[in-house]
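S.K.: Please construct the entire structure, taking both the sequences and the accompanying hints into account.
Going down the list, the protein sequences come from chains A and H.
Note that the first sequence covers residues 12 to 540 in this note's numbering.
Note that the second sequence covers residues 12 to 333 in this note's numbering.
In short, the hints are calculated from the structure, not lab data.
Watch out, some of these pointers could steer you wrong.
[To be verified] Ranges of calculated distance between the beta carbons of each label pair, as one might list FRET restraints:
| # | chain 1 | residue 1 | chain 2 | residue 2 | range |
| --- | --- | --- | --- | --- | --- |
| 1 | A | 139 | H | 191 | 28 to 38 Å |
| 2 | H | 48 | A | 496 | 39 to 49 Å |
| 3 | H | 191 | A | 287 | 31 to 41 Å |
| 4 | A | 405 | H | 162 | 27 to 37 Å |
Just so it is clear, CB atoms sit at the ideal spot from N, CA and C, and this is done for glycine as well.
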Amino acid sequence: MDLTRRFKHRGQRVEAFGVMAMRRLARLVAVVVALSGLTACSTGERVDLGDDSSGNLIAAIAGEPDQLDPHKTSAYFSFEVLENVFDTLVEPDANLEMKPALAESWDVSGDQLTWTFHLRRGVTFHDGSPFTADDVVYSYRRIIDEQLTNVDKFSAVTDVSAPNADTVVIRLKQPTPNLLTNIGGFKGMAIVSRRNVESGEITTHPIGTGPFSFSGQKSGDSITLKANPSYWGTPPKISGVTFRFISEPTTALSALQAGEVDWTDSIPPQRVAQLRDDDSINLAVTPSNDYWYLALNEARKPWSDVRVRQAIAYGIDRDAIVAATSYGTAAANQLAIPEGNPWYTAYDRYGYDIEKAKGLLRDAGVTDTDLDMLVTSEYPETVTAAQVIADNLAPLGITVNIRTVDFATWLDEQNTGNFDMLMMGWLGNIDPDDFYYAQHHTDGTSNAQKFSDPEVDRLLDGGRVETNHQARAGLYSRAATIIADKVSYIYLYNPSVIQAWSTGLSGFESRRDGAIRFRTTTLDRGETS
Amino acid sequence: MTRFVTHPIARFLARRLVYSAVVLIGVLVVVFALVHLVPGDPVRIALGTRYSPQAYDALRSASGLDKPIVEQFFSYIGSALTGDLGVSFRNGDPVTEILLERLPATISLAVAGIVIALLIALPAGIWSALREGRISDAIIRIASQFGVSVPDFWMGILLIALFATTLGWLPTSGYQPLLDNPGGWLRHIVLPALTVGLVAGAIMTRYVRSAVLEVASMGYVRTARSKGLPPRVVTFRHTVRNALIPVLTITGIQLATILGGVIVVEVVFAWPGLGRLVYNAVAARDYPVIQGAVLLIAALFLLINLIVDVLYAVVDPRIRLS
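M.R.: Rendered as structure tokens:
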């Protein structure tokens, strides 16, 4: 999954306005009481969408999907919805291991270059048309031929074919140990319906094979899905899901507490500590595979000097950054992959050490210098962290000029290399190839910092084709260590996936890849009207 | 027919219509230029940070953004003149449809907000002016100063905490169409409309107060009072009526501002109005939606302006629509 808008927490702090404001407010109570007297009292009122959706699970997400074509969107909000509508050939389980989905089984040829997938029979799309191997070929060819967002996932694929209705064969130019993650890691690789694409309706009325079918959208307000009774897995036990778009986390949390919504991931991080002790809701703080990092522009002096980059790595106080950006819900990490992950490598070279940082700068001959730090208001944690970092680096004689821009401008500036340092996150990672290749390989498509190291290139190329798991883990471990030693990135922390739901909701599993699956959820609203 | 066209009101309307069309075309040109001059690339933002150069080129040409800017401009203006505002870069929906879908929520909030504002501002402003310098005047002035200064997101959050979470009388957020569910519409609109209305009402109270004070110092008011008219008659027939012109002006401006989108209130109450639409469209550099929305907001401004001008003549017969 791509870099998205998941971490939406504006650190708005409420100022105390004192007694006068409260008195003024109290004066208004009379007006509101009069107004509300006109209407029936409604505790925990739910959105009635005028169809059979009143029994639906109501989920509050932090923003509106830009579009609903899984092959074209890159927004996390879209995938929160689409996760429940579409299927992939294989899909990650809770431990992010790839398990059968639309494909029941698969064989790999001895030379590792031909993968044969045996499809599940009797699966239908939401419009009733049968799912066949042609749909798989069509979906994959669409991504490849139209050069869609995720075309990189097929970089090793030479051919996709359907010898019969239940079989798909993928041919590769080189062994690809992470093929399953590439085709099933997230719903961006979903199997779509040709008719749905060709009618142009997929962006607004998607048709998939998943546990829920698309029912309707109200612009700026909500999207409603209804249960698919002919789902190939166990059909959902709830009648449907309504995703409401509530970007203000304080409001979303109030709606959850008032019983208007059953589930939300729009939660102010500063409230997490308090919510942990709240028995009236369930809270999940799940360590994720996402990470946030700093990158120094190596095309510019003095950042081209590895000693200067290392000085900054020693000069920042990671724990302070974690505390300021996530209120302690994230885990500090000096590498990308968090502990508990099969690809984890232990690494702790860079403690917070001002003296060492000063020494490195002295060796490099760098005295007072300015640093243009590019951050975006789209991700408030980058703005917060920049303030901590500016403070951290001041004693080193580095003046950090924080430049806060909107995300569209940020992407432009990153792309043209107009920055000294930037901070960004990388989300939804499963395979180490996702973590490293695009960002640290000389030819990587997201290597904005212009890092280039022949050894790292060799290791990352090797990791792409090494089929022995142990050997592959060794390659990535070495690559990760060099990336940190030579400071391609200064990794900061792994954030947590923060979600909360009502006590009446059960069977929901908070996942470390941030995928939101409501297929096994049940809902018991008790006495709630 | 000729008599109709020569009727002063028809002539007035015709002239205003032509004038409005010119303004709207001007707005289109300026907005088109602005959105294309501002840094940020809609293709890049659609793709996020993880994409190949091929994917970038493919989407760029599919969106028509690879064509020369002059060609894009004339093709946009050409179709806009026929009423076709293009389709959203984000999801391919026609811009006209997107705007129409957001309009009812926006108009609901604007009208309800301005009604609340007037209910506050007229009595408070008049009372305050008539009691100039006394305690009640001071209280109203301080209260309206607070209303102007209190951030609307804070007011919104407080209202939610009190009426939705604690008392459970009203829903925290969301919108329901008036025609589908009048009761639901009313319950959902109370808190956002209060938030909008309190801020606008506080601003308008100050205008009403100073307008009434100004008229009250006029010679004819003194005359009316000195010839022995009861204070009530002096106040309502001579003072307030003549103070309505500036009040109408500020009401029109406030209404148009709310119609243009009250982003913060819309965000706090998850209200599907124009403000959030424009905000998201700007963030995504969704040029057709930005252009269409600005055009619509400009048209609403012109319409309200027109209505206010007509109302001037109704309130004050000395004003002629010419």
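S.K.: Each hint should be assessed against the structure and marked as holding or not.
M.R.: Against the structure, the hints come out as follows:
1. A/139 x H/191: 28 to 38 Å: 29 Å, holds
2. H/48 x A/496: 39 to 49 Å: 43 Å, holds
3. H/191 x A/287: 31 to 41 Å: Once the Cβ atoms are compared, 40 Å apart, the range 31 to 41 Å for residue 287 of chain A and residue 191 of chain H holds.
4. A/405 x H/162: 27 to 37 Å: 31 Å, holds
Hint violations for this structure: none, all hints satisfied.
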